[in-house]
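> Chain by chain, the residues:
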Amino acid sequence: MTVRHLYLLALLFSLVWPVTAGASTPKQDISGTVDNILVVLRNHELSAEQRREQLSNLIRQRFEFTVMSRSTLGKNWRKASTEQRQEFMKLFSDLLEATYLGRIESYTNEQVLYGEEKVRGKKALVKTLIKTKTVEIPIDYKLVRKENSWFVYDVVIEGVSLVRNFRSSYNSIVAREGFDGLFGKMRTKIAELRK
Amino acid sequence: MSKLITALLLTIFLALPLAGFAAEVQPSTTGPRVATENGQSAVDTEDDFDDPFADEEIVVNDPIEPFNRAMFWFNDKLYFYLLKPIARGYRIIPEPARVSVDNFFRNIETPVRLVNTLLQFKMEDSGTEIGRFVVNTTVGLLGLFDPAKSWLGWERKEEDFGQTLGHYGSGPGLYIVWPVMGPSNLRDSVGMAGDYFAHPLYSPLYFKLKTWEQYALYGLDSTNKTSLDRDTYEGIKKDALDPYLFVRDAYQQYREAQINR
Numbered sequence: 001m002t003v004r005h006l007y008l009l010a011l012l013f014s015l016v017w018p019v020t021a022g023a024s025t026p027k028q029d030i031s032g033t034v035d036n037i038l039v040v041l042r043n044h045e046l047s048a049e050q051r052r053e054q055l056s057n058l059i060r061q062r063f064e065f066t067v068m069s070r071s072t073l074g075k076n077w078r079k080a081s082t083e084q085r086q087e088f089m090k091l092f093s094d095l096l097e098a099t100y101l102g103r104i105e106s107y108t109n110e111q112v113l114y115g116e117e118k119v120r121g122k123k124a125l126v127k128t129l130i131k132t133k134t135v136e137i138p139i140d141y142k143l144v145r146k147e148n149s150w151f152v153y154d155v156v157i158e159g160v161s162l163v164r165n166f167r168s169s170y171n172s173i174v175a176r177e178g179f180d181g182l183f184g185k186m187r188t189k190i191a192e193l194r195k
Numbered sequence: 001m002s003k004l005i006t007a008l009l010l011t012i013f014l015a016l017p018l019a020g021f022a023a024e025v026q027p028s029t030t031g032p033r034v035a036t037e038n039g040q041s042a043v044d045t046e047d048d049f050d051d052p053f054a055d056e057e058i059v060v061n062d063p064i065e066p067f068n069r070a071m072f073w074f075n076d077k078l079y080f081y082l083l084k085p086i087a088r089g090y091r092i093i094p095e096p097a098r099v100s101v102d103n104f105f106r107n108i109e110t111p112v113r114l115v116n117t118l119l120q121f122k123m124e125d126s127g128t129e130i131g132r133f134v135v136n137t138t139v140g141l142l143g144l145f146d147p148a149k150s151w152l153g154w155e156r157k158e159e160d161f162g163q164t165l166g167h168y169g170s171g172p173g174l175y176i177v178w179p180v181m182g183p184s185n186l187r188d189s190v191g192m193a194g195d196y197f198a199h200p201l202y203s204p205l206y207f208k209l210k211t212w213e214q215y216a217l218y219g220l221d222s223t224n225k226t227s228l229d230r231d232t233y234e235g236i237k238k239d240a241l242d243p244y245l246f247v248r249d250a251y252q253q254y255r256e257a258q259i260n261r
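As you go down the protein sequences, you meet chains L and E in turn.
Note that the first sequence covers residues 1 to 195 in the UniProt record's numbering.
Note that the second sequence covers residues 1 to 261 in the UniProt record's numbering.
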């Protein structure tokens, strides 16, 4: 049983699972997505565009951008108008996707180990470990259940929650420059990342 | 040099009985540790599952932001124009050798971690640190290798005086970005000063190295670390809307997580 076999098994499992059962566990959902991402990353026959599109689909299927947007803006969410909320959600999901894509591309050859899973009601936490030759990076996924699947609403890397980090940065920016300032910065960043 | 060897031998002999103890304790640790983790989960799920809608505002106390931003700018330039180019050249040394250099420095720092596990009464961790030091200094050839981890599964216990202070309830105090040393806060700066006395290379209490030797060792350690790092800072600069704010919050969260571990 090599690592590759395990990946194949996981891939098969994630393909077969929705058909055979009504509900999945958080670990199955997140490992399915992460393993599929790795499969796409390791497939050298894809063109850059195809790759990007497949990855984007995988990410958008698994991330709960509405919950993330709301908790990232925190108190400012309530102050925002409907248009501002819509605008923020669009920019935020584009930005997260671009960021995640940029990051994951450097993890092609790494090994991902799945650890403990904790479930409480509609929320769950799955611990994973990315192993490189020199370091081990603990990455925890926080998920929320919707119907029969689990969706990521926060990623915690080495104890640092991305949503908490965004919230603190974004609120500082909104306090100084307003929503327009924030949106402007986000647009510039998305353009930069997509270059 | 002879003083160094005497000190080393002395430590080894003093530590041996304790290491036996650590070795005995170690295999059983997985059992209770899992148990405590399960036992704790009821409590720490509170943190793990913090409500995404809660307005839990993590405010970093940063009254000297203009100064800190200036230092951040300085460190940024230092990194890109000095540290990084040096590290890039230094990378002609094969990676395994650089990992060994890192192992060597981390092994020498054992007293710092040991003292802080003791101060927090984390006795099992103290045992692990002593065991690791003995195994890695002997079988691991003066710490160049880490058989304690790869063969015995004894992980390094990252403890420092800042965490010890936090463990006993000290808040972070104001955020400070030091030139060269980077992000810190009042508590962790006091912590750094405390750890300095326990650090074999820099403390006036052990080998009494000359100042230039200390700078050279610090430089080597930093260069080596930078050479092993895979562009973490570049990534932050690329992704974050405001890298200063990103680092300020990430530092606070990272330290909180270390203290509550």
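Hints listed in this document are in silico derivations from the structure and should not be mistaken for laboratory results.
Do not rely on the hints blindly, as some may be mistaken.
[As the list claims (entries may be wrong)] Computed Cβ-Cβ distance ranges for the label pairs, DEER-style:
hint, chain 1, residue 1, chain 2, residue 2, range
1, E, 211, L, 138, 37 to 47 angstroms
2, L, 180, E, 78, 48 to 58 angstroms
3, L, 137, E, 81, 51 to 61 angstroms
4, E, 220, L, 136, 19 to 29 angstroms
[Stated by the list, open to error] Using 27 angstroms as the maximum straight-line C-alpha spacing, the simulated DSS-like pairs for lysine-lysine come out as follows:
hint, chain 1, residue 1, chain 2, residue 2
5, L, 195, E, 237
6, E, 157, L, 127
7, L, 122, L, 27
For each residue, glycine too, the CB sits at the ideal point set by N, CA and C.
> Work down the list of hints and note, for each, if the structure agrees.
Consistency of the hints with the structure:
As the Cβ distance of residue 211 of chain E to residue 138 of chain L is approximately 38 angstroms, the hint placing it in 37 to 47 angstroms holds. Our hint of 48 to 58 angstroms for residue 180 of chain L and residue 78 of chain E is violated, since their Cβ atoms are close to 34 angstroms apart. As the Cβ distance of residue 137 of chain L to residue 81 of chain E is approximately 28 angstroms, the hint placing it in 51 to 61 angstroms is violated. At roughly 24 angstroms, the beta-carbon separation of residue 220 of chain E and residue 136 of chain L lies within the given 19 to 29 angstroms, and the hint holds.
For the suggested pair residue 195 of chain L and residue 237 of chain E, the alpha carbons sit about 15 angstroms apart, so the restraint of at most 27 angstroms is met. Under the criterion of a C-alpha separation no larger than 27 angstroms, the hint pairing residue 157 of chain E with residue 127 of chain L is consistent with the structure, at around 20 angstroms. With a CA separation close to 14 angstroms, the supplied pair residue 122 of chain L and residue 27 of chain L stays within the 27 angstroms bound.
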